[in-house]
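Student: Heads up: the sequence lines are chains A and B, in that order.
Just add 13 to wherever you are in the first sequence, counting from 1, and you've got my numbering.
Just add 13 to wherever you are in the second sequence, counting from 1, and you've got my numbering.
Derived by calculation from the structure, the hints in this document are not laboratory data.
Take these hints with a grain of salt, some might be off.
Quick list of in silico lysine-lysine cross-link-like pairs, DSS-like style, CA-CA up to 25 Å [to be verified]:
(1) K198(A) to K200(B)
(2) K331(A) to K133(B)
(3) K200(A) to K133(A)
(4) K331(A) to K200(B)
(5) K198(A) to K363(B)
Protein chains: 2
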Amino acid sequence: MRIEDMVLVSVDDHVVEPPGMFERHLPEKWHEVAPRLVRRDDGTEVWLYEGKELPNIGLNAVAGRPPEEYGLEPTSLDEMREGCWDIHQRVRDMDANGVVGSMCFPSFPQLCGQLFARSKDKDAGLAVLKAYNDWHIDEWCGSYPGRFIPLGLPPLWDPQAMADEVRRVAAKGCHAVSFSENPEKLKFPSFHSDHWDPFWTACSDEGTIVALHIGSSSQLVVTASDAPIDVLLSLQPVNILQAAADLLWSPVLRKFPDLKFSLSEGGIGWIPYFHDRMDWTYERQSPWTGQDFGGRLPSQVFREQVVVCFIDDPAGMKLRHDVGIDRITWEVDYPHSDSTWPTSPERLWKSLDGVPDDEIDKITHLNAMRHFRFDPFAHRLREQCTVEALRAQAADVDVALRSRGVRADRKTKASDLTKRP
Amino acid sequence: MRIEDMVLVSVDDHVVEPPGMFERHLPEKWHEVAPRLVRRDDGTEVWLYEGKELPNIGLNAVAGRPPEEYGLEPTSLDEMREGCWDIHQRVRDMDANGVVGSMCFPSFPQLCGQLFARSKDKDAGLAVLKAYNDWHIDEWCGSYPGRFIPLGLPPLWDPQAMADEVRRVAAKGCHAVSFSENPEKLKFPSFHSDHWDPFWTACSDEGTIVALHIGSSSQLVVTASDAPIDVLLSLQPVNILQAAADLLWSPVLRKFPDLKFSLSEGGIGWIPYFHDRMDWTYERQSPWTGQDFGGRLPSQVFREQVVVCFIDDPAGMKLRHDVGIDRITWEVDYPHSDSTWPTSPERLWKSLDGVPDDEIDKITHLNAMRHFRFDPFAHRLREQCTVEALRAQAADVDVALRSRGVRADRKTKASDLTKRP
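Next comes chain A alone, as it looks inside the complex (with noise of 0.2 Å):
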C-alpha cells in the first residue's frame, strides 16, 4: 500500500455552526426562541440563547491559521476558515486532506449538547435540541451522502426524551450519540446510578454508538490556578482516561452487553497500560470490593465495547494489538488546535511505518465504518475515496498557512479557558 491509497475516515471532528441553521427546522412557534448568531461591539460574534452570549473560543477554530495566532479569546466567523462553518467548504478541506468520512461534534451547543440541557424552558429546549439534530443530519451531514457519520445530541435532563430522540433520529439513519464523559460533573446522576437506563437500552436496541468526548463534562484537567495553559493542553486524555475507569467499574457495560461507547479525542497509548492496571485492581481487590465481571477480566468487557481512536499515537502503534485491531479508529479534529490539517495522510502514514496493510484498512476506515455503522462504498466507489482521489478533485483548494491577526486579549492560562460559562 501506498500513502495514496489509504481510505481515511475521521470519527472526530467539529463543525463551527452557521447562522440561520435553524430557520428551516424549528416549527414556526419556537423562532422566536432560536439561537441567534450576534456580532458583538469588539468584533467577535457570539450565539445568543435564553439572553446567555456563547463564544466560540479561537482555539477551537484554528484549522489554516498560523500557530502564533492561536489563542482562547473568542472569534469570529470572518476570521476563520469558511470550512469550519460552510459546508461545501469543508468537503473541499476534506478533500484536500484525503479524508472520505467525518463525524462531527457540534461547537456552541457543546460537546454533547450541555447548553440545550441549562435551558429555563425545557419545551423550547427540546425543540432547538431535535431543530439541530435535523438540521445536522439532513443538511450538514445530508448534502454530501456518504461522506458524514452523522451524530446526535440527546435531550440531558430526561432519559426517556434522549430514548425518544435516539430512536427517532436512527430512523433517519443516525447511529451515534454524544454523551458525557462524566454526568455527575453536569449535576446529572453519574455512571453508576440507573437514572440513564432508558438510554442506554434504546442506543442497545438501535445499535446507536455513544461517543463520549474529552471535555464533555464541561470541565478540563487544571492542577494548578497558575498553570500555564500547556498543562491542561497534555493532560486532556487524562479526562477520558478517567471516564472510562468510571464506566468500566459502572454497572452500565456488564448490564448492557451490546452497548458500544466510542472515547474520542482521547489517544490510544495509554489503553495497553490501562488494560493492565484495571485488571490488577481486579485481581487484588475485588475479593472485598465485591466487583464481578463473571469469569471475564475487565480489560477483555473494555475491548469488546469501547471503541477508542487518535491522532498521532506512536506508543499506541507499537502496541497496537494490546490494544486492540479490531477497535481502533482515527481522527482528524478538523478544526481544532490539535487537528493535523491538510497533511494529515503524511502524519498518518509515519505512524504506519511496519504495519500490515490489513491492519491499515481497519484502523483507516474499516473499523469506523463497522462501528458507527457508515458506508461510503454505497455512495462511490472504494477507488474514489482514497488519499489521492480525493486530492486529485480538490487541487485547486488553497491550503496554506494564512494570518488572520492577533487580538489584543489573548489569554494562555489554563485558568482562563474554564472560566468559559
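Fit chain B to the supplied structure of chain A, relying on the hints for placement.
Tutor: Showing chain B alone in chain A's frame:
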C-alpha cells in the same frame, strides 16, 4: 540469570510508626507535644497530635491478610503483621521476599509530612518533624545498615527550613526527600511559582532526589460521589500522571538541571504515551503558549531528570526502551494492598520474560542504587544480596495469609476514603 540471582531494591514501601518512636529523638522541652499512639474504645489505635486523631487506614497495612478482609476502616497494630511496624520483623519479611533494600514512606504524618505542616505551633512542628527524621534515619534505617534508603520529610511551611533540613539530613547520609505531587492542593504555592527555590537549590546541591508519591497532595481521584472504590484504586496513577505534566511544564526542571525527581507508585506503562503527548503539545502549541525547552524536547528533559518505578507492568516492560532503561526502578509497596509481598520475585520475573540480564540488573537494583545514592554492596557481598541468599536466611518466616477478622463498619466507597482528615 535465574529468578534466585536477582538483586532487588524496592524504592516504595511504607512504615507504620511504632509507639514510643519519639522518646529518644525529641528534646525534653517538646515531650508534651509529641504525637502519641492511643487506643480508642472501639479497639482501633490512633495517633494523637495537637488534639487531632490520625488513624491507620486498614488498606494501608494489609500484608499477610486475606484480601477478603481489606477495608478502609481504621485499624490497630495488633491487627497488622509485625513487619508493618517492627524493624526486626520488617527485615525478616524483606528477607523472606528476597528484597535487599527498601525506601519507606511514612504513615500517620502522611506521605510528605502534611500533618506536621498543619501544626498550630510551628516551632513544635519543626521539632517533631526533625525527631521523626532522626528516628527514621538513625533507628528505622540505622538498625540494619545497607538495607534501607533513608527518606526525609520536609517542613513544608517554610522553604528555607526545608532547605536547612535537606542539608542537615544529607550530612547524615539521607539523600532522598518526600514532597507533594501537587502542593497547591495543600494550600501552598504550585510548582509554577519560585516559592520553593531554596528547597530545590538545597536538593540540587546535596544530590538529594525528590520523591513524589501518589496521594501526597492529600487528594485522590474521585470521579463521582457514588463511584465504587475500585475506580479510585485503579486510577491512583492518574494522580502522578497529572503531577508529571504539571512539573514538566513548570520552570523547575529547566531552572535546576541537576535536580532529580522520583514518581513513587506511579507505574510506567503510560510513560511512552506521555512522552508522545508532551512532545506533540510542545510542537503544535509552543508557538503561541511561549514554552521554550531550548532545542530539546519536553520528553528529553523528563527522561533525564525524572526517575520512575513500577510494581508489575507488562505494557511498561514491552516499551521499556521508550520509557528509558536507565530510569526504571521497582517497588514492593509493602504493606499496602497493591503489594506483591511475599511473592514479589515470582511476579516480577514473569514481567521480565525476555529482558536481557544487564537490563534486569538496571531495573531491579542498579538504577535505584545510582539515583538514590544507595549501596548495599558496601555492607555485604553482592552474592549475599540475592533473592536466593536472603530467602535462605529467612526459611523460618511464616508468610502464610492470616485472618484477623473483619470489622462491622467496613467501608468500600471512594468517598469514604476521601473524607479522611
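Student: For each hint, tell me whether it holds in the structure or not.
Tutor: Verification of the supplied hints:
1. K198(A) to K200(B): The hint holds at about 23 Å.
2. K331(A) to K133(B): violated, 53 Å
3. K200(A) to K133(A): holds, 15 Å
4. K331(A) to K200(B): At roughly 41 Å apart (the allowed maximum being 25 Å), K200(B) and K331(A) break the hint.
5. K198(A) to K363(B): With a Cα-Cα distance of about 41 Å, the restraint between K198(A) and K363(B) is violated, given a limit of 25 Å.
Hint violations for this structure: numbers 2, 4 and 5, all remaining hints satisfied.
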